[in-house]
Amino acid sequence: MTIVDTGTAPQIAPRKETVPAVQPEGLWRVVVLNDPVNLMSYVVLVFRKVLGFDEPTARKHMLEVHEAGRSVVWTGLREQAEHYAFTLQQWHLSAILEPQDETH
Amino acid sequence: MKRIEVKLSLPVVAPLLDVIKNTADNLGDRLATPITLDDVDAAFRGEWREELLAEQTAEINTLLALFDSEFFATGVVGFDESNAIVIVRACSAVRLRLRERYLTKLPDEILEGGDVELSVLDDEVRKAFMCYLFLATVQELIIQHLDSAILDS
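Chains as they are written, first to last, in this note's numbering: chain F, -4 to 99; chain S, 2 to 154.
No lab work stands behind these hints: they were computed from the structure.
Watch out, some of these pointers could steer you wrong.
Said to hold, decoys possible - Result set (DSS-like, lysine-lysine): computed pairs, CA atoms no more than 30 Å apart in a straight line:
id, chain 1, residue 1, chain 2, residue 2
1, S, K3, S, K106
2, S, K128, S, K8
3, F, K55, S, K22
4, S, K22, F, K44
5, S, K3, F, K55
6, S, K22, S, K8
7, S, K106, S, K128
8, S, K3, S, K22
9, S, K22, S, K106
10, F, K55, F, K44
11, F, K44, S, K8
Produce the complete structure using the sequences and hints provided.
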């Protein structure tokens, strides 16, 4: 609510309608969630190709997805995180964005 | 990546193609992966989804085009640098839809292990599961033959 000083009695200005927007500041995580469909070899391939992981790193994250149900595969600024999430989704992986301050 | 040509058994594969085609058609305007776009800015959400959908449709068209009249004449399908990645992705999309549409009664651990007793499945589910395995085999075959040039591109 915004109070406008008109020089006489205070009036209440109508609040502007706002659209909820994602706060882009801060660090964001790209999280890949497990699915029972995609092959382990496929997920490793995607991690290598999209995120540039070497084979052991890709395999480590794939196993984390498989065993823990999720893996944080990248953390950084919002724009780049969106790029990675989108590209992982192009490969039909369940990738989501999370603000860094969420605890898991 | 060298071109791979695979000769498939027509009597085995042909009956699966109708299911694959129907499942691909059934995807329609839905994404194969049930992703939430809640974290995407509302202003971009529609565009984000439309772009994913357009790519998915193009991938699936490439997959279905493998099984053309030449395939039915020779039983041969070919993979090379121009189509390998697209087909691997299309297989993923169709497998996800097969799971959603026909295989929901199979527990995740059974599906992941592939240890399914086919004789207890009804005909529709059994055929869908065969498609699911067939597309996984195509994916494995391509992934084994991808070289570092494709991974780096």
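Original post:
If you check each hint against the structure, which ones fail?
Top reply: 1, 3
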